[in-house]
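Asks: Residue strings, one per chain:
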Amino acid sequence: MAVNVKVGLIGPLDMLKFKNMSKVREDYIQAAPANEITADYPINKKAKLLHPDYQKLVIAEIIDHPEAASKTYIFKAKNGGPLAYFRAGQYISLKMKIGESFVSRPYSICSSPKEALEGTLAITVQSKADGFAADYFLANAAVGDEFTASGPQGNFYYEDLRDAKSVIALAGGSGITPFLSMAKAIADGTEDFNLTILFGNRTEDSILFKEELEELAASCDKIKILHVLSDEEKECYEHGFITADLIKRLAPEEYSVFVCGPRAMYRFLESELPKLELPEKYIRREIMGVAKDISEIPGYPEGAAGKCFTLTIRQGPNEYTIPASSEESILVAIERAGIVAPSRCRAGECGWCRSKVISGDYFAPEENESRRYSDRVTDNIHPCVTFPVGDMVIEVPAEYT
Amino acid sequence: MNKHVDIVVVGAGNAGLSAALHCATEGKKVLLIEQHNLPGGCATSFVRGRFEFEPSLHELCDIGTEDDPGEIRQMMNDYGVKVDWRQVPDCFRIISKYTDGTPMDVSMPFGVENFIDKMEYYVPGSRPKMEEYFELLNEIMAGTAYISSSNGHADSEVLKKEYPNLLRTGAYPVKKVWDAMKIPKKCQDIMSTYWGYLGIDMERMAFIHYCNMFMKYVAKAAYIPAHTSHEISNAMIERFRELGGEVWYNCRAEEFLFNGDRLCGVRTTSGIIECDYVLANINPDIIYAKMMPKELIPEREKKLSTARNHNYSARMYTVYVGLNKSAEELGIKDYCIFLAGTSDSAVEYKNLLGGYKKNDFTIFLCSNIVNPDASPAGTSVGFFTSMGGPEEWSRLKTEKYVKYKNLYAKKFIRMLKEQAGIDIEPYIEEVCVATPWTFARYLGTPEGSVYGYETADWDGMMARMMMLSSDYPIKGLRPIGAAGPRGDGYSSAYVCGRLMARLALKDLREEGG
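Chain order of the listed sequences is A and B. Under our numbering, the first residue of the first sequence carries the number 1, and numbering increases by one thereafter. Under our numbering, the first residue of the second sequence carries the number 1001, and numbering increases by one thereafter.
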């Protein structure tokens, strides 16, 4: 049976209608006025404010915390106005020029999201044993200095679609900063969950934001703070480390555990947290940088340690030949050479430094592996957690500045 | 000295990748620049915890089998691009209501015979009409292929002789043709399901456009790559590099440069690039408003933009979930479930544009049904897609953003539980919600839209195809992508990219370049 479809009353007119489609369209176009073409979209503008390519910041105030070898830096937008809104717990990647190097460091935001809309944003920087950038920043950054930072980044925040209504926060030292932001956000009504902070420090004197945290806890019954001192036994303080037993003692029926602190604390918790018998979804860790001694990591190629290699870096129209130590990540080699390259989390997670290996061998530790499946197959790497084990040719994206 | 190449492709989205590959295959020196740090645009992926998420691709049509390849598989073969394609088991399951108000829960299979059989099961007595319908679809497919191959110069005598039913039905909307053919109402309701893939309801979508997509899915089945659409984009980039193509990431085109009225280069965030031609994966409104001298914009282009009136169709809204139970444990059996308050697409489209309260439409996909290894053992990964109008997302205040987007997520998670009996809420280990703001951020498209312009009424796909020679008046510059003649969707974008690249090379030959 041959199909013979008629839609209109008379078949041949349909044919004409088909042939006329161009004419109908042309008539429609010609009937429209030739207005000036615009492309200003509120949605795009709001998206840009929420996720800027970068933020130009200026230091407005510095607060010293000598007890914790730290300083809090309060920034304002260079051109005034609000800063990018964020989710309490997120970080910014702060760019610095140190000597001839362009480096970045991720710092958790310790102010509240509301304050960002009011035009300020704070981070706290602590002096570390081998903290090259932190120490430079602590010694040199002054009120009025200008910096470029990323927009707010990271996935370490409370998410009511996923997390339990109560969060037990495990903080060590300067790892308190994201939780300070969360507590402020709860206190001002931006966030709505119960936050119990177990804050580990060596001694009572070295506790960062002690008064501020206690004031927040006193002002809002959703926030609780418990100090745990490792080197001192004092009344009203827990003594020792943050253990599973301590968490169980404080925990409600349903809870999530959030962890942010130094590497040693993560190592200790590796044997403690399983005792809680929580599904993995209820344990969230802030990202941790790459291991200090890469050659200790299982799987590190034999004979690669202690060497120096040559990297050819292609970036847009430019090509650089630079030295690289086997001990340092490819990103560090790029920064040392004074090349402005993308980086944010410096822990493999965010993928902002994603680059393409054209040739050469490398080592990417499994504990920092967050690459996409097909990126691993096609030699796309995250240079912040990838180490050269021979001479390499790499294509690196530009960075927006 | 400025860099000089033959062709700059701006934007490594699906159309850009395809255009770049075509030009490189033809021996041109091509530079592909991309504002993000990876290729793909929508065709990408992201990692959260132990999950890698597919951001946009539901299923790709026109892949076909290795022995009987569809247009897209053939195109990838021609380019030399290798992708691990995995066939989706069924067309779709839809849980909704027929337009007569009775409940609908149907699963439709691939293959014309199977489809007709299943339709007869759900709508007894529909077989003769459905057979007639598919006969018509075959003719329309063949006719469309002929028109596409003619680059806007189809011979009307050939059309009249070979494809008379195409001429008789092509200018009408889907609903009109269905009614004229007396397709049973329940069959119409079931076959409307795919409307959201093109972003236009059945009362305004050109029959020819819908047929093409519908037939490509039903007859040739649907596929997804084994490891998210980032796998496709990466495979295309790898091949492009092999062919000598150059890629610059984190590089944004800021302005097109002209010598008189002919394009001669692009100013980018990485410097000026001189070139003979630009294929720009950018919506024309943005090009004309922000990226080139006003005096070079022809009157007709201004009229065209005014006529289109910033009508970019619906905006996407998605919720990505990584679950700490397997699909089997959660009772997920279907790859693709449409949950819709009504099967009347015109009513549904209006509801969607009406905002949170009226929106009762979402599509839930679970990748593990197609590829068990889409996430680690004992887990599953999936996403909800819905659409919304621009108003609610234009008005929304920044400080209300998270609460508002999560309201949608909760609604869809509840719908899946209540309508399909699948409760994922306690098992969400990772979750991410993308809104028009998110799409605007990553794609830079107007209002975060992914559909280009509505392909409806006077501005349908066929009318655009027939007017290729008058729609692209800027010398040395062609916009490509969803706003192009083929409309939105992965396969349309790949086809559009190649078509525009062919036309660009033809322009260059005619200029004697």
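No lab work stands behind these hints, which were simulated from the structure alone. Any given hint could be a false lead.
[As the list claims (entries may be wrong)] Derived contacts from chain A toward chain B, CB cut-off under 8 Å, selection only:
id	residue
1	6
2	19
3	28
4	30
5	32
6	33
7	47
8	239
9	240
10	244
11	279
12	321
13	367
14	397
15	400
Predicted model, so just to flag it, every value in this text is computed and none were measured. Glycine residues also receive a C-beta, built at the ideal position from the N, C-alpha and C atoms.
Asks: Hint by hint, say whether it matches the structure.
Replies: Hint check results:
1. 6: With a closest approach of 6 Å, the residue 6(A) hint holds.
2. 19: 6 Å, holds
3. 28: Hint holds; residue 28(A) Cβ to chain B Cβ min 4 Å, cut 8 Å.
4. 30: 6 Å, holds
5. 32: 4 Å, holds
6. 33: Since the shortest Cβ distance to chain B is 6 Å, the answer is holds.
7. 47: With a closest approach of 4 Å, the residue 47(A) hint holds.
8. 239: Check failed: Cβ of residue 239(A) comes no nearer than 34 Å to chain B, outside 8 Å.
9. 240: 30 Å, violated
10. 244: 21 Å, violated
11. 279: Result: holds, 6 Å to nearest chain B Cβ.
12. 321: With a minimum Cβ separation of about 19 Å from chain B (threshold 8 Å), the hint on residue 321(A) is violated.
13. 367: At 13 Å from the nearest chain B Cβ, residue 367(A) fails the 8 Å test, so the hint is violated.
14. 397: 4 Å, holds
15. 400: 6 Å, holds
Hints 8, 9, 10, 12 and 13 from the earlier list are contradicted by this structure; the remaining hints agree with it.
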